[in-house]
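S.K.: Here are the chains, one letter per residue:
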Amino acid sequence: PPPPPPRLRWRSSFEMVADAVYGDAKISRQDIMKWNGWGYSDSRFLFNKKGQGEFTGKRYRLSGMILPSLKDWFEATFGTSLQHKTPATPTLNVSAVPPPNLVEPFVEELKVAGVAASHDPEGRVFRSHGHCLHEIFALREGRIGRVPDLVVWPNCHNDVVKIVELACKYNVCLMPYGGGTSVSSALECPLEETRSVVSLDTSQMNRILWIDEKNLTVHVEAGIIGQDLERQLNESGYCTGHEPDSMEFSSLGGWVATRASGMKKNIYGNIEDLVVHIKMVTPRGVIEKSCQGPRMSTGPDIHHFIMGSEGTLGVVTEVTMKIRPLPEYQKYGSIVFPNFQQGVSCLREVARQRCAPASIRLMDNEQFQFGHALKPQVSSIFTSFLDGLKKFYITKFKGFEPHHLCVATLLFEGDREKVLQHEKQVYDIAAKFGGLAAGEDNGQRGYMLTFVIAYLRDLGMDYYVIGESFETSVPWDRVLDLCRNVKERIVRECKERGVQFPPFSTCRVTQTYDAGACVYFYFAFNYRGLADPLHVYERVEHEAREEILANGGSLSHHHGVGKLRKEWMREAVSTVGLGMLQSVKEYVDPNNIFGNRNLL
Amino acid sequence: MASVLYSPRDPGLKKRDELEDMLEERRRSSDARHALRCYAPAVYKGLAPREVSALRGAVLQSDALQHVIGQVSAECGERRELVQEEAAHLLDEMAHRLRLGTVRFFAYVLSKVFKTLFRSVRVNEEGVQRLQQAIQDHPVVLLPSHRSYMDFLMMSYILYTYDLALPVIAAGMDFMSMKVVGEMLRMSGAFFIRRSFGGDKLYWAVFSEYVKTMLRTGYAPIEFFLEGTRSRTGKSLTPKTGLLNIVMEPFFKGEVFDIHLVPVSISYDRILEESLYARELLGVPKPKETTSGLLKARQILREDYGVMHVYFGHPVSVRSLAQGRVKRSQYNLVPRHIPQRPCLAAQALVGEAAFRLVRLQEQAMVLRPWTLVATLLLQNPDGMDLPVLEEQAAWLRRLALSFGAFLDWPDCKPCREVVGAGLALHKNLARVSGGRVRLAVAETPGVGQTAEELAFDRAVGVLSCASYRNQILHVFIRPALLSVALRTANSSRKDEVYTCFNFLWTVFSNEFILCPGASVQDFEEACYLLGKCCAVQESQQDIVMSEGGHATLAFLRALLDPFLQGYQVVCQYLCKETEENLRENKFVPAARNFALQLILAGVLTLCYEALSSDLQKNALAALVQLEAVTKVKVGDQVTLKVNRRAASSLEDMLGTF
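Residue numbers (full-length UniProt numbering), protein chains in the order written: chain A, 1 to 600; chain C, 1 to 657.
Hints in this document: simulated from the structure, not taken from any laboratory.
This structure is a prediction, so every number in the text was calculated from the model and none was measured.
C-beta atoms are modelled at their ideal positions from N, C-alpha and C, and glycine is treated no differently.
Check before you lean on any hint, since a few could be wrong.
Negatives, chain A to chain C, calculated, CB over 10 Å [claimed, not checked]:
| no. | residue |
| --- | --- |
| 1 | Asn93 |
| 2 | Ala113 |
| 3 | Asn592 |
In silico DSBU-like cross-links for lysine-lysine, where the CA-CA straight-line distance does not exceed 35 Å [stated by the list, open to error]:
| no. | chain 1 | residue 1 | chain 2 | residue 2 |
| --- | --- | --- | --- | --- |
| 4 | C | Lys327 | A | Lys585 |
| 5 | A | Lys264 | A | Lys50 |
| 6 | A | Lys375 | C | Lys45 |
| 7 | A | Lys418 | A | Lys264 |
When you get a sec, could you build the whole thing from the sequences and use the hints?
M.R.: Here you go:
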């Protein structure tokens with residue numbers, strides 16, 4: 001008899017603790033999440049009294065673990081000392097929140113329509129920002145800028161229709177809010193906005209409305225959070241396979257509005273490949289297609305006006321998405337390469353042969369070392385002995401230079417036999433580029449890193465370290481040049497702007513395509529001695545983006561434009577292109593009700 | 001870094017490094033040990049280790065070359081393999097084969113040679129250190145000035161001595177005909193390029209890919225001469241931008257983070273080729289480089305060539321130069337291996353950079369007191385009493401210094417000694433008799449010498465001497481143009497003076513290193529310098545000669561006289577030329593003959609420089625630029641169409657100055 005399929009646990013990279021679906025507006029996310037940092041309040045990095053790194057809470061695999069090498073890595077990389085602390089303001093000073101500018105009849109009519117609303121200051125502050133460095137930095141210092149005047153919680157599509165009608169009637173500004181994980185300043189209230197700003201929180205629209213097993217589609221309300229969607233589908237034996245790194249917190253509507261990309265896009269596709277039907281409420285009315293045909297030739301695809309519109313045209317309320325049966329088998333893997341160049345060549349070959357696993361990512365040497373710093377304390381002498389042996393084998397026996405080698409992490413998915421076959425194919429290609437298989441554990445840890453790295457930024461900010469990640473997509477032949485030039489540009493700009501210690505400037509290739517790759521940069525530095533660290537930070541990021549564009553990279557692969565990257569839009573899509581987008585905006589929303597001023 | 005190119009308004013304020021004699025060590029210790037010592041230079045941090053053979057493969061297999069091979073094969077219907085072979089052949093003809101053994105041999109021989117030729121070779125060691133750092137950080141391009149064959153031997157020798165990575169050097173093909181020496185140069189890092197290959201697509205592709213591959217991989221510093229050839233006149237030549245375009249392209253296309261251009265100024269007390277150059281300028285063809293010819297040059301070894309100076313300038317970052325000027329994203333839409341014509345902004349940038357770099361070379365050239373003496377002697381063809389000469393030299397020294405000249409005039413020694421030392425070293429050019437100094441040119445014809453030969457003989461002396469005066473012209477050129485303009489302008493109003501200045505500036509833009517488009521800056525610099533030495537007074541609107549300014553202005557005007565006269569002669573010639581279709585290659589001999597006739601007839605007495613082919617060519621270039629002459633290409637021939645009215649009015653204008 002065939003062996004029983006292994007029990008699949010969704011996302012084995014960390015342990016999930018059932019996270020109640022937010023049925024009631026009053027039990028909002030803000031109760032379990034930080035108001036001035038990333039993620040769950042109970043999960044954070046800290047250095048304990050002995051100076052050892054530690055990750056608190058119970059939610060992740062790393063939770064409750066001691067990380068013995070973190071301190072040394074941290075101090076050596078940033079030239080900081082644990083003596084010098086920059087703690088955050090512990091609690092929100094409610095009196096610093098500007099009083100709400102309310103349009104009374106609007107609020108009254110909402111009440112009549114039965115839409116939940118609140119102008120409680122904490123809730124307004126919580127929805128006034130995304131997770132750009134400057135946004136979090138300001139909150140940690142207790143600085144509160146312009147915040148929405150009112151938060152509303154529609155329960156369904158029809159509530160949204162009502163809200164938009166009322167907003168048009170009273171000329172208030174609507175800003176859709178999904179998961180709040182934006183890193184493009186998209187959620188910042190425009191300073192020039194004088195109207196009442198209403199944050200439209202979609203979190204209550206989080207139901208799966210139906211599953212169609214014949215066509216393998218699911219119809220969902222757009223406020224659902226990634227992990228909830230995936231967990232609930234898993235219960236029925238399905239998944240969407242869309243797993244952006246932010247999926248613990250980001251929402252379906254947000255994915256659509258920003259053209260999100262998931263880690264496993266090689267099997268399941270990016271959001272534009274996954275959606276079959278979208279319903280969006282605009283000031284002109286509801287936009288949707290009349291059928292769910294899998295492909296149409298009906299002029300330019302109107303979905304492409306919606307995807308990437310970043311909340312400037314309306315609110316996405318319902319989405320039909322493709323689903324797939326849960327894969328029977330998952331396997332992690334990793335490959336060590338003698339250097340980054342070989343690694344990129346290998347990924348290119350994998351893409352050429354179109355045999356990329358569900359996910360394949362290549363970290364540069366700095367990130368590889370960073371990954372090591374996050375290794376938890378090993379429980380047995382045997383494990384540490386084994387680790388030592390591995391290191392000896394790679395560096396001494398195989399002659400890999402420890403300061404050049406880099407690692408690719410892999411995730412295979414499918415039926416068991418095919419996964420094993422596929423795995424062999426990929427490892428055979430890797431061998432041609434000097435790659436050595438480096439075990440499942442390393443692979444798994446690599447993916448875990450993705451989820452905790454955002455928490456690490458908060459730790460850095462406790463000790464004078466600020467940083468951010470940003471991404472681009474670039475043709476294959478320019479990947480290496482772009483990575484080298486951007487990293488060097490960051491180092492150079494930091495030096496010129498008086499940063500005392502060389503910055504942490506690293507990258508990884510996170511997605512492969514037929515014609516190019518997605519590259520992610522991490523960049524952080526120690527800001528002691530700088531009068532205006534945020535300004536320095538912003539200039540350096542700006543210069544890094546200039547360098548990306550000069551080297552043939554795109555303005556964004558999946559983070560979107562928001563307000564942070566608006567200045568380059570004309571260059572990115574040409575004047576005519578920008579004019580096209582503007583004319584759509586003018587038709588759909590002539591009074592700029594959706595006035596977050598992203599993108600255009 | 002960009003500020004390096006935009007020197008402060010007052011060049012006198014520029015700080016310069018100290019120079020040390022690098023031969024001193026060689027005179028104290030064994031040359032053999034020096035040649036055999038451990039040589040382990042610091043290399044480029046991103047160096048992809050590469051053997052010479054791997055380099056060949058990388059070039060031949062490169063996408064860029066393969067693309068052109070495909071094109072050429074399609075265009076001429078040749079099989080691809082044949083074109084590929086042809087490319088391999090071209091590469092082998094071109095490529096260097098750097099071998100340490102040969103380098104050590106050269107290190108030994110050159111130690112001996114240099115110690116014999118030169119009293120000392122002085123190098124700014126701070127510059128060497130800067131270069132060492134630059135080589136590790138970025139691909140480096142070395143851009144020495146070019147006055148002598150010694151230049152690149154000396155460059156490699158210095159880099160070897162200071163344990164720096166040896167450069168690969170772009171050399172003219174003419175060396176290759178010297179069989180043994182050609183191969184030896186190849187093995188010490190020279191690669192050979194044909195003098196002209198304008199239309200040859202394949203050759204261009206092989207050549208540019210060869211250079212770019214070496215640059216991208218950080219294989220070795222690339223060295224070439226911006227001036228393209230040795231300057232026969234002592235003046236810097238208008239830079240050629242072809243190679244500079246090639247080496248800057250990897251930056252524009254993002255293939256490297258940055259490229260550092262290092263100007264190097266090499267100056268000689270006496271140039272080995274001194275009289276050879278003068279003869280060349282007068283039309284005695286240049287001897288073909290042959291090995292036996294080089295051996296004959298042994299007699300050169302018996303002479304004293306004084307001191308040689310090598311000044312390594314600050315590295316100029318291409319990234320800084322291009323900042324805000326060139327949009328690199330223009331290369332985003334075409335694969336980078338497909339040749340693309342650089343955009344106008346990039347072309348302009350490269351052209352401008354070339355001029356600025358040559359100016360940086362000029363400004364760091366060490367000038368010896370003799371250059372001042374030669375200048376004075378040329379202005380006083382009847383000779384000068386020694387005390388007067390000394391006095392004038394001291395005066396000129398102060399003027400030059402206030403203009404920012406990099407003058408190596410020992411402070412501690414009395415003027416008499418300094419001038420005396422120069423006269424002694426250059427006794428072939430100037431004679432002292434009865435307390436009077438004059439140029440060493442024949443007074444009366446020798447036995448069996450025709451008047452024509454005598455004139456040429458004199459011209460050799462004058463042109464040799466002028467090659468030293470020319471070394472210092474870059475210090476005076478802008479104030480000199482202003483001095484002439486001041487005398488000619490209708491009023492002292494600044495705008496009128498500027499109009500005159502600009503006219504002269506345009507006419508002489510091929511003669512001197514005047515950066516295109518910078519005439520206003522040059523005018524301001526000239527006003528500032530003349531104001532600084534109290535020769536003129538400036539007000540809001542006007543600029544006038546000050547009371548004590550006469551001597552300075554007269555001297556500066558006299559500096560330009562030979563050029564003004566020479567250009568007039570060329571204009572006259574063109575007006576009188578009856579040949580309707582004057583072939584371009586006939587122009588120089590005919591113009592020279594015309595000038596010679598004027599000299600023999602006694603019309604033109606003191607203007608031997610009008611015989612110089614360099615001046616004639618520069619004048620022609622100016623006339624073409626001013627549209628007094630048009631070049632017409634008919635088949636392989638280029639003919640000159642003269643606009644007589646324009647040429648004659650230009651002559652009249654020059655006559656007014």
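S.K.: Each hint should be assessed against the structure and marked as holding or not.
M.R.: Evaluation of the provided hints:
{"no.": "1", "hint": "Asn93", "result": "43 Å, holds"}
{"no.": "2", "hint": "Ala113", "result": "50 Å, holds"}
{"no.": "3", "hint": "Asn592", "result": "31 Å, holds"}
{"no.": "4", "hint": "C:Lys327 <-> A:Lys585", "result": "30 Å, holds"}
{"no.": "5", "hint": "A:Lys264 <-> A:Lys50", "result": "39 Å, violated"}
{"no.": "6", "hint": "A:Lys375 <-> C:Lys45", "result": "31 Å, holds"}
{"no.": "7", "hint": "A:Lys418 <-> A:Lys264", "result": "17 Å, holds"}
Hint compliance for this structure: hint 5 is the single one not met.
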